[in-house]
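Asker: In case you want the letters, here they are:
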Amino acid sequence: MTLNQISVFLENRTGELSAITRLLSENGVDLRALNIAETSDYGIIRFISNDQRKAAAILSAEDYVISVTPVSAVAVPDRPGGLSGLLALMADAGLNVGYMYSVFSESAGKAIMIMRVEDPEKLDALLASHPEYRMDEFC
Amino acid sequence: MENQYYQKEIETASPETLRKWQDERLVKQVRHVWNDLPYYRKKMEEAGVTPDDIKSRDDLYKLPFLTKDDLRDAYPYGFLAVPRKDCVRIQSTSGTTGKRVVAFYTKEDIDLWEDCCARAITAAGGTADDVLQVCYGYGLFTGGAGLHGGSHKVGCMTLPMSSGNTDRQLQFMEDLGTTFLCCTPSYAQYLGECVKERGLSDRIHLRAGIFGAEAWSEEMRRDIEKTLGLKAYDIYGLTEISGPGVAFECCEQNGMHINEDHFIAEIIDPETGKVLPEGEKGELVFTSVDKAAFPLIRYRTRDICVLHRGKCSCGRTFLKMSKPMGRTDDMLIVKGVNVFPSQIETVLMELGYTSNYQIVVDRVNATDTIEVLVEMTAENFSDELGKITAIEKNILSALKAMLGISAKVRLVAPKSIERSEGKAIRVIDKRKI
Ligand SMILES: [Zn+2]
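Each protein sequence line maps, in turn, to chains A and B.
So that you can map any letter, position 116 of the first sequence is 116 in the numbering used here, and since no number is skipped, the others follow by simple counting.
So that you can map any letter, position 163 of the second sequence is 1163 in the numbering used here, and since no number is skipped, the others follow by simple counting.
Simulated from the structure, these hints should not be mistaken for lab results.
Computed from a prediction, not measured in an experiment: that's the story for all the values here.
Treat each hint with caution, since some may be false.
[As the list claims (entries may be wrong)] Straight-line C-alpha distance at most 27 Å; calculated DSS-like pairs for lysine-lysine: (1) B:1387 - A:122; (2) B:1323 - B:1008; (3) B:1008 - B:1068; (4) B:1415 - A:54.
My request is simple: use the sequences and hints to build the entire structure.
Answerer: Structure below.
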């Protein structure tokens, strides 16, 4: 399934990340997945929460620079080779993964991963015939 | 369209003839200041130079410079070089701090200044058939008076509107069929927005405009040309040298021809005062060779630009100056290279970073460092690190190309750059602390 991921620009300074997570939790936004990509000077926090619309509004109001990107949530069976099977399937279909990270909780013995692909709809279509990797509900 | 000149024989004179005029007039002018301006004579004596040492413009470098401070020192009458009864006009700079600078004109001085403006109007295509609207301020400021006088000389029907009252400006523009506009570029841009908003573009008939007295970009030029439906020309001048019209743009719109029969231009290194070869960037210095009442020798404009002499398709032989790239007051010397905040701003604007920036200069292990802090914008942000680092690299290489030295770039959070009374602090030079 496709979700809206929020990315936030962040300077690499002590306390910057905690300031954002505190701001969100104080406003009743719960994080479901979080990932950080960084250089020595700045970073990008990418996250999924229970209320992305609210999260975006809160951050924008505080002058954070954000961007909203569609990403895919997929289920990965908790067994050896669970992820590599999925990646092989995607590679065969010409779907490249820009980056991926996992969701805090798991669902029915499966790990949930967030993947950034060029064409989330194509991935949805591919997984329609591979239900073991499919995520239909989230949160 | 055929090239038009206001004074063809002067504007297209051979370089030899121009040179001869400059040599003769400079020699005469130096005698005039030696005899009639005790303030400058004292400077010459201190520099150990007499009028006999100045035989041609090749000797110009021997003469001492003048700065705005000199003019303030000598306020009010210290630079009046003719008997007061021969002076017919006073204009003044818009200085907001300290003493003002006042400039004096004889009838002949006014005449040559207005000739310069008439050349500018003609080079921009103005003729006696034009209705020329002047919305520069009239009064002590030279903008209104200069273009007004030039317009009379060309024979345009002149509308002395002065500045402000936009409704009336637009009403007259429409009713009287203004074809030629003279004002500051920012006001032209504002008029253009009003024309667009009020849907007046079919009812105005502008075809050319001369816009000066403040810095403006090529982007602004395109914007003004589009919204007002005219060709926009730049003009350069300063009260100390006469007023607008010291230099003006021709049909090529790529640099301004300096009226060299009246003004000798030099480019100097602002640090050492050494004259730089043609084509090099430095501080613009003017000597007025035939003004009588206020004859400034080697006046430092504090404007940074480049001079270029070459064939111009308009047929004029006058030297061309680039748009000023900055002010010496803002100049930073980093690793021995002159750096202007305006250069950095240009790079950032071209790459879509219209927001806030700050330049931090420091000295680490006896080496200068320069770092440019750039506030991230929503347009340039991405969820992919690679895209952001690519933008960072673009800025880096564009800065290197512009400045000639490597600068560091640091992307920072929006609104994180310090401001002072609403204005961003552009430069922090930690070396002075
Ligand atoms: Zn030309």
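Asker: For the pair supplied as a hint, residue 1008 (chain B) and residue 1068 (chain B), is the alpha-carbon distance within the 27 Å limit?
Answerer: Violated, at roughly 34 Å.
Asker: Could you grab the alpha-carbon distance between residue 1387 (chain B) and residue 122 (chain A) and see if it respects the 27 Å cut-off?
Answerer: Holds, at roughly 23 Å.
Asker: With the threshold set at 27 Å, check whether the alpha-carbon distance from residue 1323 (chain B) to residue 1008 (chain B) stays at or below it.
Answerer: holds (24 Å)
Asker: Within 27 Å, alpha carbon to alpha carbon, are residue 1415 (chain B) and residue 54 (chain A)?
Answerer: holds (22 Å)
Violated hint: 3 only; the structure is consistent with all others.
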